[in-house]
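Got chain A; can you put chain B on it based on the hints?
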Amino acid sequence: MLFSSIPFLYYFLPIVLICYFLAPKCLKNAVLLVFSLAFYAWGEPRYVFLMALTIIVNYLMGLLIDKYQGKRLSKLFLLISCVFSLGSLAYFKYADFFIANFNRVTGLNVKLLNIALPIGISFYTFQILSYTIDVYHRNTPVQKSIVALGAYVTLFPQLIAGPIVRYSDVERELRERYHSFDKVADGIRRFIIGLSKKVIIANSLGEMCDAFKLSDDKSVLFYWLFAVGFSLQIYFDFSGYSDMAIGLGKIFGFNFLENFNYPFISKSITEFWRRWHMSLGSWFRDYVYIPMGGNRVGKLRLFVNIFTVWFLTGFWHGAEWNFIVWGLFFGVLLTLEKFFYGKHLAKLKVLNHIYVLFAVLISFVIFSASNMGEAMEYLGGMFGYGNLPLVSKDFIYNAISYAFIIALAIIGSTPIVKDLYNKLKETKCSVVLNVLELPVLLILLFVVTAYLADGSFNPFLYFRF
Amino acid sequence: MKNKIVTIVFAVVLFMVSLTAFFKPVDSYSESERRPLEKLPDVSAESILSGSFMAGFEKYATDQFPGRDFLRGCKAAFATNVLQKKDNNALFVKDGHISKIDSNINEPMLDYAASLFERLTKKHAEGKVYFSIVPDKNCYLTKESIYPSMDYEAFIEHMKQKTPFMEYVDITHLLDLDDYYTTDTHWKQENITHVAAFLANKMGTDLTKDYTQKEIERAFYGVYHGQLALPFKADKMVYLTNDVIDNFNVTYYSTGEGVKGDVYNMKKAQGRDMYEMFLSGSESVVVIENPNAEKDKELVIFRDSYASSIAPLIAQGYKKTTLVDLRYMQSAFLESYVDFGGADALFLYSTSVLNTATSMK
Numbered sequence: 052m053l054f055s056s057i058p059f060l061y062y063f064l065p066i067v068l069i070c071y072f073l074a075p076k077c078l079k080n081a082v083l084l085v086f087s088l089a090f091y092a093w094g095e096p097r098y099v100f101l102m103a104l105t106i107i108v109n110y111l112m113g114l115l116i117d118k119y120q121g122k123r124l125s126k127l128f129l130l131i132s133c134v135f136s137l138g139s140l141a142y143f144k145y146a147d148f149f150i151a152n153f154n155r156v157t158g159l160n161v162k163l164l165n166i167a168l169p170i171g172i173s174f175y176t177f178q179i180l181s182y183t184i185d186v187y188h189r190n191t192p193v194q195k196s197i198v199a200l201g202a203y204v205t206l207f208p209q210l211i212a213g214p215i216v217r218y219s220d221v222e223r224e225l226r227e228r229y230h231s232f233d234k235v236a237d238g239i240r241r242f243i244i245g246l247s248k249k250v251i252i253a254n255s256l257g258e259m260c261d262a263f264k265l266s267d268d269k270s271v272l273f274y275w276l277f278a279v280g281f282s283l284q285i286y287f288d289f290s291g292y293s294d295m296a297i298g299l300g301k302i303f304g305f306n307f308l309e310n311f312n313y314p315f316i317s318k319s320i321t322e323f324w325r326r327w328h329m330s331l332g333s334w335f336r337d338y339v340y341i342p343m344g345g346n347r348v349g350k351l352r353l354f355v356n357i358f359t360v361w362f363l364t365g366f367w368h369g370a371e372w373n374f375i376v377w378g379l380f381f382g383v384l385l386t387l388e389k390f391f392y393g394k395h396l397a398k399l400k401v402l403n404h405i406y407v408l409f410a411v412l413i414s415f416v417i418f419s420a421s422n423m424g425e426a427m428e429y430l431g432g433m434f435g436y437g438n439l440p441l442v443s444k445d446f447i448y449n450a451i452s453y454a455f456i457i458a459l460a461i462i463g464s465t466p467i468v469k470d471l472y473n474k475l476k477e478t479k480c481s482v483v484l485n486v487l488e489l490p491v492l493l494i495l496l497f498v499v500t501a502y503l504a505d506g507s508f509n510p511f512l513y514f515r516f
Numbered sequence: 029m030k031n032k033i034v035t036i037v038f039a040v041v042l043f044m045v046s047l048t049a050f051f052k053p054v055d056s057y058s059e060s061e062r063r064p065l066e067k068l069p070d071v072s073a074e075s076i077l078s079g080s081f082m083a084g085f086e087k088y089a090t091d092q093f094p095g096r097d098f099l100r101g102c103k104a105a106f107a108t109n110v111l112q113k114k115d116n117n118a119l120f121v122k123d124g125h126i127s128k129i130d131s132n133i134n135e136p137m138l139d140y141a142a143s144l145f146e147r148l149t150k151k152h153a154e155g156k157v158y159f160s161i162v163p164d165k166n167c168y169l170t171k172e173s174i175y176p177s178m179d180y181e182a183f184i185e186h187m188k189q190k191t192p193f194m195e196y197v198d199i200t201h202l203l204d205l206d207d208y209y210t211t212d213t214h215w216k217q218e219n220i221t222h223v224a225a226f227l228a229n230k231m232g233t234d235l236t237k238d239y240t241q242k243e244i245e246r247a248f249y250g251v252y253h254g255q256l257a258l259p260f261k262a263d264k265m266v267y268l269t270n271d272v273i274d275n276f277n278v279t280y281y282s283t284g285e286g287v288k289g290d291v292y293n294m295k296k297a298q299g300r301d302m303y304e305m306f307l308s309g310s311e312s313v314v315v316i317e318n319p320n321a322e323k324d325k326e327l328v329i330f331r332d333s334y335a336s337s338i339a340p341l342i343a344q345g346y347k348k349t350t351l352v353d354l355r356y357m358q359s360a361f362l363e364s365y366v367d368f369g370g371a372d373a374l375f376l377y378s379t380s381v382l383n384t385a386t387s388m389k
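Chains A and B are the protein sequences, given in the same order.
Numbers in the working numbering are just positions in the first sequence, counted from 1, shifted up by 51.
Numbers in the working numbering are just positions in the second sequence, counted from 1, shifted up by 28.
With the rest of the complex left out, here is chain A (with noise of 0.2 Å):
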């Protein structure tokens, strides 16, 4: 089930809301462990069995560790919970991908499984994997109530997108959380704007990049274009997407921690992965970079270890080589920017910002293929491989017809209006800021119910991770 769908906004919602609000406070983590199953199994009702077996068996190897804390059984007990919830990962996910270069690379033909991809497998994994390394190293308390730890790994806001929530920063509100009229409003608008940015501005780029895969009619500039348009509906879609996960989490008294922090004004890709995708990028480091030892080692060892962190940020993303190159691509850049010319970057003043956004294009251009081949002819068009024209009908169409989006979304992927609105909150305009906050929510939250109940271009990018 979607956020941005009728039947989560005005039938899923609703009941869970109540439920929730009229539960006594020692039934509300039950209360969101059971709804959040059902939302998952609206979506997959098979692999439901699967996320409980995986919270059974982590629920007991976090008691185990903290049991046998200090001791080698304690090794052996987060050994298992890895192995576990990384060999479910690496089965569902990455088996036919395996299977599928091990037959290109041996001529033979091992039948592929053709298994369907749990959702929301790559985020939950990463989140009960912060839990049972915490739980290792000390960092949390170990969690008594599987009802809480099953909320926990199921929450429902955060379930099948993320952010990756790391359990030690919720473990305090598992426990206790509050609820105000304070709180659920900030959550309220958090929501609403996150659906506006998704249903409004990522599914209108997300018509005009399906346009342009259909089209007969394509140019170089259409192939540009498609760049530019993709790179923003991925960054409205995604970071639409943890908007309303941590408005809902506020309503349900959760804070959760942000996934996106304008990553486009970025002046280095090193500062762009500072604001992309937080969550992800902090687990990596946290639970990959620093254990191999981080920046703490030689220079090779540093390579091995830089590389081996954006192989597997690529990797995570999905099972293709084009979402690998992606991953090495970045990790390429920002070896050049720690060993080269990072320190020159800050000097270059919108030389920076524009080599920011080329190389950003040109990744996402790659991470939009559905292979290396479809990555390699998408980016072949953008220099003119092909013997394409500059220009074309269907370009010129589509660069009219979505021009205001474009532009709506282009200032929207910056802080200009953030700043604008925090600076008018500080003059006498905040009376009249206050009056049309409210209906301008509503506003909104009727133009995306009038999207949605038109049943218009309504998917999911990040749902395939």
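FYI, nobody ran anything at the bench for these hints, they're computed from the structure.
Each residue gets a CB set at the ideal place from its N, CA and C atoms; glycine is no exception.
Be a bit skeptical, because a hint or two may be false.
Unchecked claim - Heads up, incomplete: computed chain B residues facing chain A, CB under 10 Å, no partners named:
| id | residue |
| --- | --- |
| 1 | K30 |
| 2 | K87 |
| 3 | F120 |
| 4 | S143 |
Stated by the list, open to error - Using 20 Å as the maximum straight-line C-alpha spacing, the simulated EDC-like pairs for lysine to aspartate or glutamate come out as follows:
| id | chain 1 | residue 1 | chain 2 | residue 2 |
| --- | --- | --- | --- | --- |
| 5 | B | K128 | B | D332 |
| 6 | B | K32 | A | D233 |
| 7 | A | K126 | A | D268 |
| 8 | B | K348 | B | D372 |
| 9 | A | K264 | B | D372 |
| 10 | B | K128 | A | D233 |
| 11 | A | K269 | B | D179 |
| 12 | B | K114 | A | D268 |
| 13 | B | K150 | B | E363 |
| 14 | A | K269 | B | E135 |
This is chain B only, laid out in the frame that chain A set:
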């Protein structure tokens, strides 16, 4: 206080809409979109485990959402007026016409159509075989505009090359934008008499009779009107009669048995799609017998809905005209219903049906 208001108003809106959605009576058909609406799927262990219940419920919840037609209109207005999009769900308005973007030539579909026509021709045709393509109104609407348009010349050329076994009759130059309804995809019968005469002439017969125009009082809102979901001026529905047409004997075979009927179905003229008044719309086999025919000639028209309005005009030149719509019957059963003995054949198809030719069996 402000946060309290935001929370309470949001909750009230959410729950009111939700309650309305829960208790709203179920609609079975969308008049504006001309399609049946999704009903609540059956609940069973199997449908839940397979996920079909959930998929069905999502469609049901969207289709049955309260005020959906109004919301569709608001969405269309927002997309085109606020976001300045040039189309809404691929529908656009230009020169007083609503039309749909359809710019790609689907060559495998054209090849499929050509091979189907070849098979039918080899198996059944005994007389001369003609082929004509009805261009979509975009052919005249999008030529000098920003809207993506199909290369109709290339489309026709491709079909001509793939169908050397038929004599191609080009009618593109005989039409212009005014010959099409503004809210519908079809052509107007009152504007295509010269096309009918041209086709008949090319096939060796003449249409000499004049026509009387009659108008249906009810406003005609074509298929694009409801899909666009924005206010738009209605078309007029006009049909043509004369002594010859009035005396046609028309038999419909969609149920297998021959049922007598009229050329212009006035019941359908009051129905959901007024264009269906021409030869009763979606019919697999229709036979028009003309007792006043001057020649003994017979014609079989393989056709889509565009032929419904031109066939009564062409049929004046023939003793018997049989219309076959392969979208509603398997070509394998053709012999059971159609007598090809010595008849000429005309394959008359629109670009849109040829471009999605697998709908023909």
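Checked hints:
no.	hint	result
1	K30	holds, 6 Å
2	K87	holds, 8 Å
3	F120	holds, 9 Å
4	S143	violated, 22 Å
5	B:K128 <-> B:D332	holds, 18 Å
6	B:K32 <-> A:D233	holds, 7 Å
7	A:K126 <-> A:D268	violated, 59 Å
8	B:K348 <-> B:D372	holds, 11 Å
9	A:K264 <-> B:D372	violated, 43 Å
10	B:K128 <-> A:D233	violated, 48 Å
11	A:K269 <-> B:D179	holds, 14 Å
12	B:K114 <-> A:D268	holds, 18 Å
13	B:K150 <-> B:E363	holds, 13 Å
14	A:K269 <-> B:E135	holds, 17 Å
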